[in-house]
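Chain order of the listed sequences is A and B.
All the letters of the first sequence, read from the start, carry residue numbers 1132 to 1294 under the working numbering.
All the letters of the second sequence, read from the start, carry residue numbers 1019 to 1420 under the working numbering.
If you're looking for bench data, these hints aren't it; they were derived computationally from the structure.
This structure is a prediction, so every number in the text was calculated from the model and none was measured.
Note that the Cβ used here is the ideal one computed from N, Cα and C, for glycine as well.
Where hints are given, some of them may not hold.
[Claimed, not checked] Computed footprint of chain B on chain A; a stretch qualifies when at least three of its residues, placed anywhere within it, have a C-beta under 8 Å from a C-beta of chain B:
1. 1137-1148
2. 1203-1215
3. 1252-1259
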Amino acid sequence: MDISHKTILLAEDDPNDEELFRQAIAQANINCRVEVARDGEELMRYLFGTADQRRVEPGADIDLVLLDLKMPKLNGLQVLTVMHNAHGAGHEHAPPIVVFTSSDAEQDVSTAYDLGAVSYVAKPVTHGRFVETVQQLVIYWLGVNRRAPRRRQRGASWASTTS
Amino acid sequence: MHVLLIEDRAGDARLVAEALAECAPQLALHWSCDLGDGLAQLAQAPVDVVLLDLSLPDSEGLATFRAVQAAAPRRPIVILSGCGDDELALAAVQEGAQDFLPKCDLSGSLLSRVLHYAIERKRAAEQILTLNIELETRVRERTRDLIEANRELEAFAYTVAHDLRRPLRAMDGFSDLLIKDAADRLSAPQRDYLERIRRACDQMSRLIDALLELTRLPYVPLRQVPLDLGALGQEILDELARRTPDRHVERRLAENLATIGDAALVRIVLENLLSNAWKFTRCRQCARIMVGSYYDLGEEVFFVRDNGAGFDMTYADKLFAPFERLHRESDFEGLGVGLATVQRVVKRHGGRVWAEGAVDEGATFYFTLAPPPQTPTGGAAGLPPATEIAPHGYLAQNHPAG
């Protein structure tokens, strides 16, 4: 399956988890691009651009966001809130967000879905299961799943959608 | 001391005034001849006690009393009842009047005593009321503190679980990667070290899961349904037998172990107790596990008994504490949360759990799934409270099980 032209945005502040993620996809010869955002703010810049250079289509070059809930600055649920508002503001084509985090607390799961996450996956601790989970996740979202066709969009900044 | 007399008949008022002047000259008497004036006086003048005739030109019967009580809820009221009106006066007493005095039987000493008593009784009642209100406020504050503390604890457990899993994933992950990448360069002991790291990671991961489960338990809503502990026990034992086909364990389950409880939670109790029994009878040629019940003072007590490794009663109080273990990991593996979980579930049902045993002579775990029945004196009947251990053999001797 050739997904070399696809890009994952991994929102992850732990370099260990990042390396384990890269190893897991390398093991399965998955050759997509992986961008990393180390905190919620960086993730927002990736998706919406900076204050001087706003993106017309937030996250247009990203095919999947893997979101850790526990991040510095803006945490995962705050990021989801912003994205949720952006969807309401006409950015229906923003990339799908899959929560990929250590927590399996029911409250987090339901809040994440309420805020528009398309999937919620708890990171396994055991390495074998972690690798398996990452590979299945990436293959499904980048290889198997088809996204809704693109519609006409309007520009906006994430800062304006937070208020 | 000020007495407000609300009485429309001048003759009766004079009788009261004379009786008071004779026996209690220290009482100052104020007189209102109808309810309207009486209420006005109550609002203005200092009044220690109200002497009230219920039949007034502008009000009649209990309505009179209620009006005065509403206007001065903290003042004692004594009813001045017409002869033969005792029933009405009693009704007023039931609604909070301090006492009643029949007009036809009015003596100075009686009047004086009744008025003084009324004032004192009302004061005492007011004090109790104040204390109760204080107590309620304090209980509310404590409850709020407790809820807050529980919430903090929950948040703490959640954070701990989240933050501990992260480094664990790294340890397990990189150990595994190292084993795979350097497989041909690792000596057998080196490889073993890495495997040990991975096993320790796995154990800690399960500890974290168990810890989380333990903190969640008190918040799970109970769904009580009829249960058959015999059938449930059979099912669990069958599964244990399936997983360890080389074991031969004699299983004795009493019939008719019907009870009421939360199916999922009670299953956790039996799973823990039975898998413990299964584990600790590993050393026995003729392993035996019994599940049964008996009645003690109207309370049904269930038990799981085995003839396994047992435990030293000296350490019995440690059994149900989380992460406490009485056996070496090398002898019997385990996390030390099973019995803590059992205790939480049992407590959630209002029941108790306790154990008895001896080293190398097996163990018996007893539990109830409902609050103990109340004795006529109001105390809880019979058995020791949860975690308190019955003297060895006590239950077995007095209540032959089976």
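Structure-based check of each hint:
1. 1137-1148: Check passed, 3 qualifying residues.
2. 1203-1215: violated (count 0)
3. 1252-1259: n = 6 at 8 Å, threshold three: holds.
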